[in-house]
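K.L.:
Full structure from sequences and hints, please.
Protein chains in written order, with the numbering used here: chain A, 1 to 274; chain B, 1001 to 1355.
If you are wondering where the hints come from, they were derived from the structure by calculation, not from laboratory data.
Heads up, a few of these hints could be off.
Claimed, not checked - Derived DSS-like pairs: lysine-lysine, alpha-carbon spacing no greater than 30 Å straight-line:
id, chain 1, residue 1, chain 2, residue 2
1, B, K1256, B, K1327
2, A, K62, A, K194
3, B, K1113, B, K1083
4, A, K194, B, K1104
5, B, K1153, B, K1180
6, A, K194, B, K1167
7, B, K1342, B, K1326
8, B, K1083, A, K88
9, B, K1005, B, K1180
10, A, K194, B, K1083
11, B, K1326, B, K1286
12, A, K55, A, K39
13, B, K1167, B, K1104
14, B, K1268, B, K1299
15, B, K1203, B, K1256
16, A, K90, B, K1113
17, A, K194, B, K1103
18, B, K1083, B, K1104
19, B, K1103, B, K1083
20, B, K1083, B, K1105
21, B, K1256, B, K1286
22, B, K1083, B, K1101
23, A, K194, B, K1153
24, B, K1167, A, K263
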Amino acid sequence: MNNKRQAYLAAPYGLWIIVCTIIPLLFILGYAVTNDAGKLTFDNLLAIADPVNLKCLMLSFKTSIITTVICLLLSYPVALILNSANIKNKSFVVFLFILPMWMNFMLRILAWQIILSNNGLLNSLLSALHIPTQHILYTEKAVILGMVYDFLPYMLLPIYNALSRINNDVIEAAKDLGANNLQVFTRVILPLTKSGVISGIIMVFVPALSSFVVSNVLGGGKVMLIGNVIEQEFTLARDWNTGSGLSIILMIFVLLAMGITQKQDNAGEGGTLI
Amino acid sequence: MELIKLENVSKSYDGTLVLDELDLTVNENEFVTLLGPSGCGKTTTLRIIGGFESPDSGRVFFSGNDITTISPNHRHINTVFQKYALFPHMTVAENIAFGLKLKKKSQNYINDKISYALKLVNMDGYENRDTTSLSGGQQQRIAIARAIVNEPKVLLLDEPLGALDLKLRQSMQYELMRLKSELGITFIYVTHDQEEALTMSDKIVVMNQGYIQQIGSPEDIYNEPENAFVADFIGESNILEGIMLEDKLVSILGVKVPCVDVGFGNHKPVDVVIRPEDVELKEPGKGFMDGTITGCVFKGVHYEYDVMCGDYEWLVHTTEYFEVGKKVSLNVIPFNIQIMNKPESEDEEAMKEDE
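P.N.:
Following this line, the structure appears as structure tokens:
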């Protein structure tokens, strides 16, 4: 870092960030604090206090928290098994988990729409097994399912990485000092994977909070998240000012959530990806 | 008092036999070193005692109780690992307190133990330091402190000084000996460094290819190696093929040399071991064999010579200076000639394969 010439190498990225992130953000900020006549106002920011919008924000929090918790509960045991199991080609198994990410995001969500529809794969299977069919599509359950499916690898990978970095010596040392398997987990493995868990939480929670595509396709307009509200302000209502105002509020919540989570990671092992 | 006993312990990995029906007894308050080249089974033996590996067959006893199937957290044994294995998410004090907290000791007791242990390893004042900020030698001291606060009956040490530089390794050797005498507990120490073994041990167990080659005091092992492997592994040696002509007379390189060994039979092929410092260099014709000096290296305390006699090159240590190319005669007093049976059985054969 002492070499000043190295700073020039970062110039393209700096330019990219200025053009594609900072300038658009300033535009959004500009729209957010003005009305369509161009006058300064805080109405757009306060639009979040509207009961309808507030309800959507709360629903967003609810679905993303549930999604994050399910992802965590699914990923941690899988990562543990992957890490400890006697699998010859671990990287191949990890690759299998990432494989869905190679397919287009929209395609995967549309596939779920077909699977979950009233005459879809799931219900055909259930009726074949003489189990009552389920109306999951266009409910919160479907949205959460879609998000979990989508974001699972982002939780699994950082946890798996953190686990695989733990030296087996340390686990043996804990047993040697009298720890049983549960104590080894709670006192050594869990603290040592904290940074991975925090990365995973941020990488699942943040996109889930602002997501609108999953709720569009699997919620069918019946599940309105704050992302959907913002999208509709821009596309249907053509009210860029209110849309920007709500975006800024959502961004503040996202940054707040990241700040709180990352503060837990005082170990600072560089495990965080954001 | 017998503390640990291994009985007929065998272990193999992926079809490769690592330990073959090993028997070993460790007494209370002994400093026992398992010594051998890598792959000889010494670490596996230690891990079986610690409970990290279970033997394929055979039993492990602790104070007379069978502990073969007891998990490591229920054994009164603690281990100092080769790479320290400190918990990176804990401070020095938290590392040392780990075992005591699991045993639900009071905070006062734990604090006393931490400061006692840190004093013992000359690290007082480091309680709140991050373990990752410590040097290798300091980390190893903390690892030792973390193990001994649990007052184990036995401390297992798996090449604990292997990652340290020479100077630090030597001073740590003396510290370990001091610790051993202050704590009065049994040390089982694994190393491939023969000097380390000779310095610290009460008893050395020389191992090769899963077999015990010799058990004895450092003096026994060095002065009376039982076979060519031990002689070769411990220190430097001239190992020659010889024929035992009769009691107290052996033929080396076609020359009859008097020795002190008896009971090998007549005209029996044997291995003859002569330490380089036991060979004297004399004027030509004054010893039992003449040769030419082909190499000379100054080693500080002594010179190291290569002396060519026929087609065998002797290694000789002496403080006298001779020029390269000079004709000399070799002499060895009978007491310093070690006669050993040639390997016959399979497990004795293991001694030579590793050379």
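K.L.:
Each hint: holds or not?
P.N.:
Hints versus structure:
no., hint, verdict
1, B:K1256 with B:K1327, "holds, 21 Å"
2, A:K62 with A:K194, "holds, 23 Å"
3, B:K1113 with B:K1083, "holds, 24 Å"
4, A:K194 with B:K1104, "holds, 25 Å"
5, B:K1153 with B:K1180, "holds, 12 Å"
6, A:K194 with B:K1167, "violated, 39 Å"
7, B:K1342 with B:K1326, "violated, 34 Å"
8, B:K1083 with A:K88, "holds, 25 Å"
9, B:K1005 with B:K1180, "holds, 20 Å"
10, A:K194 with B:K1083, "holds, 23 Å"
11, B:K1326 with B:K1286, "holds, 14 Å"
12, A:K55 with A:K39, "holds, 28 Å"
13, B:K1167 with B:K1104, "violated, 39 Å"
14, B:K1268 with B:K1299, "violated, 37 Å"
15, B:K1203 with B:K1256, "violated, 36 Å"
16, A:K90 with B:K1113, "violated, 43 Å"
17, A:K194 with B:K1103, "holds, 25 Å"
18, B:K1083 with B:K1104, "holds, 27 Å"
19, B:K1103 with B:K1083, "holds, 25 Å"
20, B:K1083 with B:K1105, "holds, 28 Å"
21, B:K1256 with B:K1286, "holds, 15 Å"
22, B:K1083 with B:K1101, "holds, 23 Å"
23, A:K194 with B:K1153, "violated, 35 Å"
24, B:K1167 with A:K263, "violated, 43 Å"
Of the hints listed earlier, those the structure fails to meet are numbers 6, 7, 13, 14, 15, 16, 23 and 24, in rising order.
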